[in-house]
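Chain X is fixed; fit chain Y onto it per the hints.
Protein chains in written order, with UniProt numbering: chain X, 1 to 435; chain Y, 1 to 435.
Hints listed in this document are in silico derivations from the structure and should not be mistaken for laboratory results. We put the beta carbon where it would ideally sit given N, CA and C, even for glycine. Just so you know, not all the hints are guaranteed correct.
As the list claims (entries may be wrong) - Restraint ranges, calculated between C-beta atoms of paired labels, are given here:
| # | chain 1 | residue 1 | chain 2 | residue 2 | range |
| --- | --- | --- | --- | --- | --- |
| 1 | X | 97 | Y | 29 | 34 to 44 Å |
| 2 | X | 385 | Y | 186 | 55 to 65 Å |
| 3 | X | 295 | Y | 69 | 29 to 39 Å |
What the hints assert, rightly or not - Facing chain X, a subset of chain Y residues (Cβ under 7 Å, in silico):
| # | residue |
| --- | --- |
| 4 | 33 |
| 5 | 146 |
| 6 | 148 |
| 7 | 149 |
| 8 | 153 |
| 9 | 298 |
| 10 | 300 |
Take a look at the letters that make up each chain.
2 protein chains.
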Amino acid sequence: MAESPLRVALLGCGTVGTAVARRLVDRADEFAARVGRPLEVVGVAVRDAGKPRPESGLDASLFTTDADELVTRADVVVELIGGIEPARGLLISAMKHGASVVTANKALLGEDGPRLYETAAENGVDLYYEASVAGAIPLLRPLHVSLAGDSVQRVMGIVNGTTNFILDKMDRTGEDLADVLTEAQELGYAEADPSADVEGHDARAKAAILASLAFHTRVAAPDVSCEGIMSITSEDIRAARKMGCVVKLLAICERRQDERGDESLSVRVHPTLVPRSHPLASVREAYNAVFIETELAGELMFYGQGAGGDPTASAVLGDLVQAARHKVTGSRGPGESAYADLPILPMAQVQTRYVIRTDVQDRSGVLAHVTSVFGTQGVSIESMRQGVRRSEDGLATLTIATHAASDAALARTVDQLRLLDDVSAVTSVLRMEGI
Amino acid sequence: MAESPLRVALLGCGTVGTAVARRLVDRADEFAARVGRPLEVVGVAVRDAGKPRPESGLDASLFTTDADELVTRADVVVELIGGIEPARGLLISAMKHGASVVTANKALLGEDGPRLYETAAENGVDLYYEASVAGAIPLLRPLHVSLAGDSVQRVMGIVNGTTNFILDKMDRTGEDLADVLTEAQELGYAEADPSADVEGHDARAKAAILASLAFHTRVAAPDVSCEGIMSITSEDIRAARKMGCVVKLLAICERRQDERGDESLSVRVHPTLVPRSHPLASVREAYNAVFIETELAGELMFYGQGAGGDPTASAVLGDLVQAARHKVTGSRGPGESAYADLPILPMAQVQTRYVIRTDVQDRSGVLAHVTSVFGTQGVSIESMRQGVRRSEDGLATLTIATHAASDAALARTVDQLRLLDDVSAVTSVLRMEGI
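Chain X on its own, in the form it takes in the complex (with noise of 0.2 Å):
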């Protein structure tokens, strides 16, 4: 009775299912030693049964079209089908047969996290989605279990591989971004549709996921405010250079206190100056990297693949082992809590760091007018520096980097800069981290 295998259900398999199938079959008698039972998969939910999956290393005979069917008879369920529907009615199906629950969904677990979560607990079994985000990076049980003791202040990371290809991309060659988008495409490190890799709603799901628990509070990927990398000049990437910067896209999530001690929370997505310095300005191509700082640990970074059949089936085998355990002693890990129920802030009301770059006039007087509207609306400089005038237009660069400053103070800066006679354009708005 000891040794009765428990049952493992798939749904999906494209590469990461397929990865993972594999290795289940490959590596029976490891499973087994680790969690203590054998592991058998008893079927693999697909579109098309009948399609021949030799590099499954499974029976035909375990495909099946019928998801609703396999979901209530299996002790662990891996959810690799991705997107909103039919994923989450089958994960909820699973865990109300019992059955503890696997998933990379960053997309339903951004939109619908707390409703998962409750199932989870109602029906006493685990919930995982360590692939959600980061990939293979051991990232969210050591946020969510080895930090628990600890108080997390700020979670800064590079969580889509995509875009930081593109970036990357564009700072060692200073290609434009369509032409290094191109070639990602044809690399396949991005999609034929890039849009949600590029304008960022990767990252936002992400975002939330993290907030949600870093922070012990209910965060869905609409709190996350959110901005992509579509705008990234070849200008912008040499002018960061310039500071000693790079721009990277960042998911950060921070608490913050106001003058009352009243904390809040600030979860969004956008691209960020970073100083080439930062440990996060060294994370090349496609790879993913998360940055934490905490009030007892400080510093600390997770590096690592983010995506990638491979890098995925490590992380969602380490949630299956980790939730068969669980099945074997009867138990289960510690769900998602949100005491803390901290509000998250406006965007408006967010406060950082910016660099603006403007085109001015090249004339007396210039710096004057401009310094007066960053003092009319409290934004107080840090640094400005003005480039030569140009021959062909006969303006110059005016960059200027600030102090803190809420984003709706900024955006009337820029509103005002644009009505001055001197300031030709404001070409690129910025924000700066990790100083």
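For chain Y alone, kept in the frame of chain X given last:
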């Protein structure tokens, strides 16, 4: 009843103990929310119970010299005394009395880990020791739990902050080891007796712990080949710099396969040349970082503070919360396993790349004589570089980098080089990793 507190006993009240106690007092509500029941410190075992310790935030009546009695009346015992005895006896007694235990004691785990693991399993309690390796960095739980569905090939870590501080300072300033060590002692980065750090014994215990978890095999400190940094000269650092490398003291645990496919482990601590482009090379000052290579996840790195009161307290408190949650739910985490039981390769058989620096006579035929020694011993040369003849002694530096060779073959090569008339001295032999 559900609200009756869990009893926590602390053994030791130094820097880490005080930080742990203070946090439990100051954030009692937070701990109660995360554990599911309040935590109550029921006693602190110290040498001098009469000494006032207001900084702990605890009532003076809680301090006791009777550690033996204290461990019999707690749900979780946190051991921060260090050393082998009485720590070992107290932990074993605590577990036999049904308490889960948390410890930061790498020396004890390195020496007698298996006995502790077994005691925990026999008594159905948790034994956690996240703080014992790489301080604040969540590392052991990710290795043990998150990567449980993957297969670790290699763990390569900077796990001793003192030696990293020294080597980093030597690299940045060109100073000699003795001078930097004195500075490190003045700054509190090194002990008055620095031998445990600079001779590599601290890193050795940590290597044993890492190897045990990564490879499901019992590895104790005496199984770990160990070489410290005392022989590293400023000339070694300069030579490394010329090769685009830094010198780091690394704890290396790796799985090897021989021609027949049989697996074995190499577990060792030694100064190592690491290319500046490798993520470990940029780990500065007293920071720690651990680089892990797995079959599925690929390359991962974990970075953070390796020592200090608050960082160590972060890891200890994370373990405490997890052990306490298990007490609340009546479960326990996965124990250590040794099912793989891989043999540990003697150092003489371990293959690594080497860089050998020699002083040679500047005359014709030298290179032929030197290379023929390597050829005779079957050690393949990857590159050679000869410096200019020095006016003071008429000698030139000849630096030879090898392909992977066994420690034994390399030792024979060095012995024979020393017999050559052309070779005035073999000034340095260093291993190289991360190419």
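Status of the hints after comparison with the structure:
| no. | hint | verdict |
| --- | --- | --- |
| 1 | X:97 / Y:29: 34 to 44 Å | holds (37 Å) |
| 2 | X:385 / Y:186: 55 to 65 Å | violated (40 Å) |
| 3 | X:295 / Y:69: 29 to 39 Å | holds (34 Å) |
| 4 | 33 | holds (4 Å) |
| 5 | 146 | holds (3 Å) |
| 6 | 148 | holds (4 Å) |
| 7 | 149 | holds (2 Å) |
| 8 | 153 | violated (12 Å) |
| 9 | 298 | holds (5 Å) |
| 10 | 300 | holds (4 Å) |
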